[in-house]
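J.: Listed below, chain by chain, are the residues.
Protein chains: 2
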Amino acid sequence: MKILIVGAVAGGASAAARARRLDEYAEIILFERGEAPSFANCGLPYYVGGVIAERDKLLVAPKQRLVERYNLDVRTRTEVVRIDRTRKLVVARDLSTGTEYEESYDNLILSPGASPLRPPIPGADLASAYTIRDLSDADRLHQAVGGARTAVIIGAGFIGLEMAENLVHRGITTTVVEMADQILPPWDPEMVTPVADHLRDRGVRLQLSDAAKAIEATDAGLRVELNSGGTLDTDFVVMSVGVRPENQLAVDAGLEVGTRGGIRVNASMQTNDPDIYAVGDVVEVTHFVDGSPIQIPLGGPANRQGRIAADHIFGRDSKYRGTQGTAIVGVLDMTVAMTGLSEKALMAANLSFEKIYIHPAHHAGYYPGAEQLTLKLLFAPDTGRILGAEIVGGAGVDKRIDVLAIAIQAGMTVYDLEEAELAYAPQYGSAKDPINMAGFVAAGVLRDDQPVTHVAQLTSDGADAEPYVLDVRTAGEFEAGHIEGATNIPLESLRARLDEVPRDRPIVAYCKVGQRGYSATRILAQHGFAVRNLSGGYTTYLADASHEQQSVEA
Amino acid sequence: MKILIVGAVAGGASAAARARRLDEYAEIILFERGEAPSFANCGLPYYVGGVIAERDKLLVAPKQRLVERYNLDVRTRTEVVRIDRTRKLVVARDLSTGTEYEESYDNLILSPGASPLRPPIPGADLASAYTIRDLSDADRLHQAVGGARTAVIIGAGFIGLEMAENLVHRGITTTVVEMADQILPPWDPEMVTPVADHLRDRGVRLQLSDAAKAIEATDAGLRVELNSGGTLDTDFVVMSVGVRPENQLAVDAGLEVGTRGGIRVNASMQTNDPDIYAVGDVVEVTHFVDGSPIQIPLGGPANRQGRIAADHIFGRDSKYRGTQGTAIVGVLDMTVAMTGLSEKALMAANLSFEKIYIHPAHHAGYYPGAEQLTLKLLFAPDTGRILGAEIVGGAGVDKRIDVLAIAIQAGMTVYDLEEAELAYAPQYGSAKDPINMAGFVAAGVLRDDQPVTHVAQLTSDGADAEPYVLDVRTAGEFEAGHIEGATNIPLESLRARLDEVPRDRPIVAYCKVGQRGYSATRILAQHGFAVRNLSGGYTTYLADASHEQQSVEA
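So the sequence lines, in the order shown, correspond to chains A and B. For the first sequence, position 118 (counting from the first letter as 1) is numbered 126 according to the working numbering, and the numbering increases by one without interruption. For the second sequence, position 305 (counting from the first letter as 1) is numbered 313 according to the working numbering, and the numbering increases by one without interruption.
Derived from the structure by calculation, the hints contain no laboratory data. Only a predicted model underlies this, so the values are computations on that prediction, with no experimental measurement involved. Among the hints, a few may not be true.
Said to hold, decoys possible - The following label-pair restraints were derived from C-beta to C-beta distances:
(1) 274/A with 210/B: 37 to 43 Å
(2) 211/B with 534/A: 54 to 60 Å
(3) 341/B with 327/A: 38 to 44 Å
(4) 324/B with 508/A: 27 to 33 Å
To be verified - Counterexamples of contact, computed for chain B against chain A with all Cβ distances above 12 Å:
(5) 135
(6) 178
(7) 179
(8) 265
(9) 278
(10) 310
(11) 348
(12) 355
(13) 357
(14) 465
(15) 496
Using N, Cα and C, we set each Cβ at its ideal position, and we do this for glycine too.
Assemble the whole structure, with the sequences as input and the hints as a guide.
T.: This is how it looks when you write it as structure tokens:
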């Protein structure tokens, strides 16, 4: 058995190690265009930022280890330039010498990854306009950062924000330009508004709903011209506007690719040529939740796909279950995470859903250090099946997204979350954990115990009459800020003041986060009022409203 | 509808709030023997330790809020002394005045909790021998701690160790006496050995396999006489040897209780009298994993049971699914957590199981601050269903135990853990998260890719011949300490030195944590050797071996 693997990071390296474990006698050759196999690509921004101080740390599985432990033939600085499917061989080029040679295979695994897009604008190829993908990119950026005072990042996705965090660490004045009217475009906008505010608080300038139309060299560095008309002078530019699957080799060989360029594979990671597998960022996967074809570049799935391809080569019935889009990003002490489908993805797919927001503390409020998090849960209106979740906050966000990721994998419902038995001691969680709370609130919606409404529906609640907006917080909270037109009746006096609430209009009750609003909703509903609770309360309202202002920032 | 609730903490308070939300018009009376309803009982040790500085923080839902928000009739300092099931009424005693009166019910919910056991030894009732259950206990201990220099804690369970942590915070020299030969008796011994070592490192003296046989007052404080013959002079004693369900009221009323005294209830939390419910630490529950009757005092389940009882009273088909024993305890910057059944519980229940140990970092090793954790996974040999897990370490332990708790709730298998898509960025996790790793290793055992063995089997591996113990770490690691009788062949040179390995004996391979041992196992198995990997490697070996020494400590 002779296996060739193209690309020795994540999926490729995993496939190689697994193949060797399954067959001590197979010939396994790993081609890597770069200088090192199996480097920590997710660590590159932190190396640039100096958080990871030693470059060697990025070499997760050095070449020598792959050779000695796994008996692999690792050929770095070697690019596979062509596949000959008929003769079952590839043409490889030694990048040091330019020499090309053929290498035959029984099975071929493609793991070339995805390459950063460069915006199609003048100057995108200037020396100080960087993308970041591999170690040499990181080296160049690491050097550029030394001595620089200003930077412009184009694109406010994961990599853009991770770079922003790291440049802030290095004391560099940073502007992030983003074409969308929000940061982190895969997330729903109201969830990331607090993150944008936090970035601004930490000195990052956000230029949303704007784009670079040209980059030019100046005496002092670079000047970025914006669509909005302004210009930004900067020492260097980082372009992080997304990635494109490196499919050329596959396309040239006649392998099928999807509409967004990802190589099409079956559940065993086979391409339309059964002797050729593809894994990692280069493939189109099936979304676990709705079964749609999608491309999501993620390290975990890449590793598992590599393993599955190797399994299948050795006759095992190992199957990839799809990608559910679990992702997390740290942004200057905040954490932003999601799993499953976002609201915008559900809307785009025309799937019906319900949603709720909660803002619980990450552990018992009576124990010092509790941090508030915001959790948005999306679920099926009929079955209660969990469709997606987004969580933003500080400590404890990563825990809850992983719990929900597993719940989605298991096909669990919001009713299951009500019953989840999670670990509780006051420094870790709550007797009613945020996961339970999300279940209670969502199940309350489905059982009609707690009809909810949302900020967007506030002015037109599906009824003819404009809703009566009832603020059930304290007078002090009301005075400090409230929804325009709202009336304040604190929850504690609501029962005594029911006659002040109109019976001819729909009522929307709200409090700070939704809990008192829920109690008010229960009271009013049982007294015959048509009432809904504003999910997430004033906290979600503020996140949603401030979103409208983002695009007018200069 | 008139509902009486006995006990206003956790389950009782939850039942009351839920009942009010379901019925605005019900009469709901909450009897609480203590001075305050709904206090944070899990916070008491931290109040004693000064970590929770303000006593008011412990009042989670003050009486006034329960009255104003929930329109509850809260009667503190009032003890229910008798139930008359025929007349459907209780007799309540106002503890301030001694007055007794009757109160009728349509439904009665018992949530009296469990009371700390006092060891049946002379002096256990001395003034400076404390138990900790409610606010007044905490107040007394809080006062005792001021000015004290030494303390003896009897019982090394949760509460005992939380008290030890807090007394260390207060600078008090603390000795913990425990009858078992390990701390945290519900855990498997090899898992808590590192925790015991950590306690000793932090100055806590552990007196294992020993017990107090008497406490006597001295001029300076107290003297504890030990079974082992020694004595301990101390300023005060904390007794934390377990709890007993407060079942007297129920027993007197003829309600059924289990063999360990817990009130028997059905899935809707009804006792054998359908008008009387019981919730929280006083009830016997069904273990979620094996269906056995059990008593586990936990805050989360108590809260959910209260909710379920209220639901059922109002005609809802709400059912408790059983308790799976998810528990967590912080011990001076270490975290110890479990969910499902322990190995000793599986042994006691005579259930068949497999087990594995891993010692991964809690996030990517290349990102600074990675802390090693130890994870033990117990699973069914036939289906791979997850039966239980224990995790010990620092950061990230709480996350993984919650993920596994949900996985157990969902009935997931180790194969599901292989495919789990968890959130990965280097400061939060790994592309192959500890959860995935546990899945890989456990599934490898079931697929016979990686036969494992354990420390206890080292000297008698089921075979006639004594195993050849092969240390595949580096020469340097081997020299620094190894299993007695082991031979060192580093993994990297194993393929070249196969002829040194005997073919007539079973081989046990090991490394530091199990990964290189796995690779060695794969190599040797494919070359025809009968080989097993020592699960958890030398790290687990040390934890298991040092366990034997605990009991001889003076």
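J.: Against each hint, give a clear statement of whether it holds in the structure.
T.: Structure-based check of each hint:
1. With their beta carbons about 55 Å apart, residue 274/A and residue 210/B fall outside the hinted range of 37 to 43 Å.
2. Range check, residue 211/B to residue 534/A: about 57 Å between beta-carbon atoms, so the 54 to 60 Å window is met.
3. At about 42 Å, the CB distance of residue 341/B to residue 327/A agrees with the hint of 38 to 44 Å.
4. Here the CB-CB span from residue 324/B to residue 508/A is close to 32 Å, well matched to the stated 27 to 33 Å.
5. Distance to chain A confirms residue 135/B as a non-interface residue, since its nearest Cβ pair spans about 28 Å, more than 12 Å.
6. At roughly 16 Å, the least C-beta separation between residue 178/B and chain A is larger than 12 Å, which holds for a residue marked as non-interface.
7. Every beta carbon of chain A lies more than 12 Å from that of residue 179/B, the smallest distance being close to 19 Å; the non-interface claim holds.
8. Consistency note on residue 265/B: stated as away from chain A, and its beta-carbon is indeed over 12 Å from all of that chain's, at 23 Å minimum.
9. With a least beta-carbon separation of about 18 Å from chain A, residue 278/B lies farther than 12 Å from that chain, consistent with its non-interface assignment.
10. With a least CB separation of 7 Å from chain A, residue 310/B falls inside the 12 Å interface cut-off, contrary to its annotation.
11. At the 12 Å boundary, the C-beta of residue 348/B falls inside the reach of chain A, the nearest C-beta of that chain being 10 Å off.
12. With a cut of 12 Å on Cβ distances, residue 355/B stays outside the contact zone with chain A, its closest approach being about 23 Å.
13. Every C-beta of chain A lies more than 12 Å from that of residue 357/B, the closest at about 19 Å, which supports listing it as non-interface.
14. The beta carbon of residue 465/B sits about 23 Å from the closest Cβ of chain A, which is more than 12 Å, so the claim that it is off the interface holds.
15. Here residue 496/B stays apart from chain A, with its beta-carbon at least about 16 Å from theirs, past the 12 Å limit.
Checked against the numbered hints above, the structure violates hints 1, 10, 11; every other hint is satisfied.
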